Structures are given as structure tokens and as C-alpha cells.
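Engineer: So the chains spell out like this:
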Amino acid sequence: MPKRERLEIIKDILEILKDSRAIKMTPLLRKSNLSSQRFAEYFQELSGKGFITETIDKQGKKVYSLSEKGFRYLEKYKTIIGFIDEFEL
Amino acid sequence: MPPVRMQDVMDQLLSISVGMEILYSFVIILCSLMVYYGTKELYELSNYKGIKYFRLSFLFFAIAYFFRSFIKFLVYFFGVKAVREIPQFIAPLTLFVFIYASSMAVFYLFYSVVCKKWENKSYAFHIFAVVISIIILLSDDAAWLYLGINIVLFFLLAIGICIMHRNKKENKKNRFFIVYILLFAFWLLNVVDILLPTIIGTYQLTVYLISLGIFMLILFKVLKRAG
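Protein chains in written order, with my numbering: chain A, 1 to 89; chain B, 1 to 227.
Isolated chain A, as found in the complex (with noise of 0.2 angstroms):
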């Protein structure tokens, strides 16, 4: 299987967030099929730029959910992507 690139592992982790609604860190990782380590350096970034919101359910857990800004992401990726092809970024 051919290395994923940085923008195509957001997208999967923006899917799984839209795909759960809301989910815990743990399965969200397991998941998204990447080391615990560049796990966390992805969700950094991603809650850090707003595509995650974080919320504490009935448990008194934290869950993560899509914000506006990841369904955003996940609408214009295609468009991201054709734009680095089209242009040979």
C-alpha cells in the first residue's frame, strides 16, 4: 500500500470524526491507522486549526466531533487536491 500523504491522512481522520459524530481519542486512533505518535502530531494540528470540537458526554468523557471548519475541509479536499495536480504543486 503506497504511503499516505498529509492532506489525504486529514482527510481520513475529518471522515472518521464526520462518519462517528462524536468519538473518544482512543478508537479515533485506532482507527485512523497511524502511529500513537504521529497521531497526536496530527491532532494537534487539527484541533489547533479548529476541524475538531471537543465536548464532554454523559460520562463526563471527552469526545471529538467535526466542526464547520472540517466539513468544509472534507468538501473542498477534492478540489485542494486537483488544484496541487492541475498546477504540479
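Hints in this document: simulated from the structure, not taken from any laboratory.
Since the model is a prediction, treat every value here as computed from it, not as a measurement.
Glycine included, C-beta positions come from ideal geometry on N, C-alpha and C.
Just so you know, nobody snuck in bad clues.
Not the full set, but computed from the structure, chain B residues with beta-carbon under 10 angstroms of chain A:
#1 THR39
#2 GLU41
#3 LEU42
#4 TYR48
#5 LYS49
#6 ILE51
#7 TYR53
#8 CYS115
#9 LYS116
#10 PHE176
#11 TYR180
#12 LYS221
#13 ALA226
Starting from the structure of chain A, add chain B where the hints point.
Structural biologist: Same frame as chain A, now just chain B:
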């Protein structure tokens, strides 16, 4: 019918020429700024370096073309043949900004294509651009020297872009690198037009039209892709 005076004809030609310059620069600056602002959201969402330097390149093109038209205006205003003959301090300052911005524009366009392989070297381009600008300002025969530097740069950048294109995966290849090379070539001719206007001479309109065509093609592609 009153006789046509040579001075009137010359004045009329000059005003047409100034008008053409203003229109040409305005369209190029508008295209460049539309590319810059049209790709803002794509960059903000992706944080992709290639898009960052592609956008910045067009911002520098807009700045360079603004100062290019300002130099042309100064040349007309002072009634001289070349920018070096302008008496005020404003000439070297404008020339410095023009050379710096134009060098950065071509460097960043090149870097947007190669940044995947050659990371965190963007500061080197600023140093190069400042050094080139200082050399030109301090040199006696600046026009020919700058032309020489630009020809060397053109070949280096064109070869770099061709190598990057050849190394791309087959499914990611397209022919857009040719547009970059044409953009570099016609940028070079625009520089020649400022520093050694006699070389371009009667081909000026052709150079302008092709340059406009290249910028409009890029803008069209950007708007089509980025929405």
C-alpha cells in the same frame, strides 16, 4: 485643413503608449491579485506549502508589475530614455523594489513546484533577491548585467521545473510546466523592456499580448479549479 504638427503626433503617440502601459499593468496586477485571493481558502484549509508559495509568487508579480509601470511612468514624466537617467533618488529605490519583487516572484513560483523535495529553503531566495538587487544598483552597466543574471536564472529555473516534471508520478503529470516556462520567458522579456527598451522595439505589443494571455490562462485555470 490645418497642417499636422509633428509635436502633436508625438504627444498623441506618447499618450497612447502611456495608456497602453497602464491598461497592461492593470490587467496583469488584477489577474495576479485574483490568483492570490482566489486561492486563500484552499491554503487556509490545507496549509499546503506548494499553494502558499504559488500564491505568494503572484503577490510578488502584482508588486513587481506595479513598480514596473511606475518606472515607465517616471521615464515618461522625466522625458528620459532609461530608468538610470532619472535624476531623483526615487529611481534607485523603485528599481530596487522592482528587481527584488520580480526575482521573488520567479523564485517562489519555482519553489512552489520544488518545495516538496527542497524544504525550508525559502529564506535563501530572499537573500538571493536582495543580493541581485544590490549588485544591479551598485553596478555601472546594470542593464546588461541584470539581463545576464535573468537569462542564467531563466535557464536554471526552466531546467529545474523540467526535472521536477520528469520525476513526477505518471498519473500526476500534466503539461502545465510549459506555462511556467513561458511565464519565466515572458517575464524576462518584460524585464528587458524596462532595462533595454531598444531591444524589444516594435515587438513590445506582441510581448504584452502574450504575457496577458499567459496570466489570463493561469487565472482561468485557478478560477476553474478553486471556484
